[in-house]
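Chemist: Work out the full structure: start from the sequences and follow the hints.
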Amino acid sequence: MGKTTSSAAIGTGLALRGHKTVIIDFDIGLRNLDLIMGCERRVVYDFVNVIREEANLNQALIKDKRTENLFILPASQTRDKDALTYEGVEHILEELKKDFEFIVCDSPAGIETGAVMAMYFADEAIVTTNPEVSSVRDSDRILGILQSKSRAAEEGRTIKEHLLLTRYCPTRVENGEMLSVQDVEDILAVPLLGVIPESQAVLKASNTGVPVILDEESIAGQAYLDAVGRLIGDDIPHRFLSVEKKKGFFKRLVGAN
Amino acid sequence: MGFFDQFRKQNKETANVAKDRLQIIVAHARAEREQPDYLPKMQHEIMQVIRKYVDVSQDKVKVQVDKNEDCSVLELNIVLDK
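Protein chains in written order, with this note's numbering: chain D, 1 to 257; chain Z, 258 to 339.
What the hints contain is simulated information worked out from the structure, not anything from laboratory work. The beta carbon of each residue, even a glycine, is placed where N, CA and C say it ideally should be. Careful, some of the hints might be misleading.
Said to hold, decoys possible - Partial list, computed: chain D residues near chain Z (C-beta under 10 angstroms):
1. Asp140
2. Arg141
3. Gln147
4. Glu154
5. Thr158
6. Ile159
7. Asn175
8. Asp183
9. Val184
10. Asp186
11. Ile187
12. Leu192
As the list claims (entries may be wrong) - Okay, derived cross-link-like pairs now, DSS-like style, lysine-lysine, Cα gap no bigger than 30 angstroms in a straight line:
13. D:Lys204 to D:Lys63
14. D:Lys149 to Z:Lys309
15. D:Lys20 to D:Lys63
16. Z:Lys276 to Z:Lys324
17. D:Lys81 to D:Lys97
18. D:Lys160 to Z:Lys324
19. D:Lys65 to D:Lys20
20. D:Lys81 to D:Lys149
21. D:Lys149 to Z:Lys319
22. D:Lys149 to Z:Lys324
23. D:Lys97 to D:Lys160
24. Z:Lys309 to Z:Lys339
25. D:Lys149 to Z:Lys276
26. Z:Lys298 to Z:Lys309
27. D:Lys160 to Z:Lys276
28. D:Lys204 to D:Lys98
29. D:Lys204 to D:Lys149
30. D:Lys160 to D:Lys63
As the list claims (entries may be wrong) - A short, non-exhaustive set of chain D residues, derived as facing chain Z with CB atoms under 10 angstroms:
31. Val133
32. Pro170
33. Val173
Modeler: This is the structure:
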């Protein structure tokens with residue numbers, strides 16, 4: 001539901017704001033963050049190599065060429081389902097914590113090992129949802145896991161949850177064809193971090209391997225910039241929630257509004 | 258909005274249906290999540306005891322825990338055939 005696009009955008013956004021950030025791809029076997037970040041040809045070692053001590057962390061981390069303060073830890077293409085271990089992941093996260101202000105864990109879809117690991121160690125969770133029934137239901141299940149099976153839950157802490165609604169189309173909402181932001185908020189009851197409007201810029205960004213947040217002309221890019229601001233505590237009103245009213249012929253004629 | 262648009266709109270307003278369905282399924286899933294871990298096993302054992310005496314099917318037995326402010330209530334509902 002736009003998890004990798006969002007991880008890439010948010011990680012890049014945090015780095016743009018001057019915070020040293022690393023984005024980790026937890027989708028073992030189906031790595032894609034490298035493509036979205038445009039660094040697929042620079043992958044030498046990966047997450048699993050580091051866990052198995054075949055490489056050290058600095059060898060596996062890829063420094064982003066566009067954005068200062070930004071690093072990527074690619075996933076492995078291994079088909080071994082048990083490649084990730086709690087001890088291994090915990091050790092890497094502890095090492096990264098010494099050096100980075102933000103660690104963005106890009107979780108795969110579903111509730112298999114990669115997703116479980118990404119969730120288990122989280123302090124904050126950004127639940128990415130489309131305004132679509134199956135996506136909202138899945139998000140509710142993910143929230144259930146965060147609330148019961150995470151390390152935070154085991155230690156009696158609560159994970160700070162955020163809702164990120166992607167592929168939002170105000171025209172279709174107005175026509176009653178799509179769940180509204182309010183609908184999704186009512187159902188999931190999680191504070192809203194941002195709404196990313198459906199935008200051609202997202203496909204263009206993945207085609208070219210440039211995170212969409214760097215496309216500041218696009219509404220999707222702007223919406224991600226806003227979301228990153230909110231994530232670090234800025235008070236920014238939500239935008240792009242309603243249909244942009246085109247000026248009618250008469251109004252243009254008289255120049256009103 | 259035009260006359261024909263009205264007709265079209267009625268057919269297309271499916272978001273409300275989506276919301277209603279989601280609210281029910283999500284409430285159900287949450288209730289299940291919040292029930293104690295031992296409940297399925299206990300339910301199974303209660304069933305076995307009941308079956309020793311009466312022939313009832315699984316779907317005629319409902320076990321659920323309702324939480325009130327200061328206590329939880331275990332509700333056991335068994336429908337017996339005449």
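Chemist: Could you run down the list of hints and mark each one as holding or not?
Modeler: Status of the hints after comparison with the structure:
no., hint, result
1, Asp140, "5 angstroms, holds"
2, Arg141, "7 angstroms, holds"
3, Gln147, "8 angstroms, holds"
4, Glu154, "14 angstroms, violated"
5, Thr158, "15 angstroms, violated"
6, Ile159, "15 angstroms, violated"
7, Asn175, "6 angstroms, holds"
8, Asp183, "5 angstroms, holds"
9, Val184, "9 angstroms, holds"
10, Asp186, "8 angstroms, holds"
11, Ile187, "5 angstroms, holds"
12, Leu192, "16 angstroms, violated"
13, D:Lys204 to D:Lys63, "23 angstroms, holds"
14, D:Lys149 to Z:Lys309, "37 angstroms, violated"
15, D:Lys20 to D:Lys63, "11 angstroms, holds"
16, Z:Lys276 to Z:Lys324, "26 angstroms, holds"
17, D:Lys81 to D:Lys97, "26 angstroms, holds"
18, D:Lys160 to Z:Lys324, "25 angstroms, holds"
19, D:Lys65 to D:Lys20, "14 angstroms, holds"
20, D:Lys81 to D:Lys149, "20 angstroms, holds"
21, D:Lys149 to Z:Lys319, "27 angstroms, holds"
22, D:Lys149 to Z:Lys324, "22 angstroms, holds"
23, D:Lys97 to D:Lys160, "18 angstroms, holds"
24, Z:Lys309 to Z:Lys339, "17 angstroms, holds"
25, D:Lys149 to Z:Lys276, "27 angstroms, holds"
26, Z:Lys298 to Z:Lys309, "17 angstroms, holds"
27, D:Lys160 to Z:Lys276, "25 angstroms, holds"
28, D:Lys204 to D:Lys98, "35 angstroms, violated"
29, D:Lys204 to D:Lys149, "37 angstroms, violated"
30, D:Lys160 to D:Lys63, "28 angstroms, holds"
31, Val133, "5 angstroms, holds"
32, Pro170, "12 angstroms, violated"
33, Val173, "7 angstroms, holds"
Of the numbered hints given earlier, the model fails hints 4, 5, 6, 12, 14, 28, 29 and 32; all others are met.
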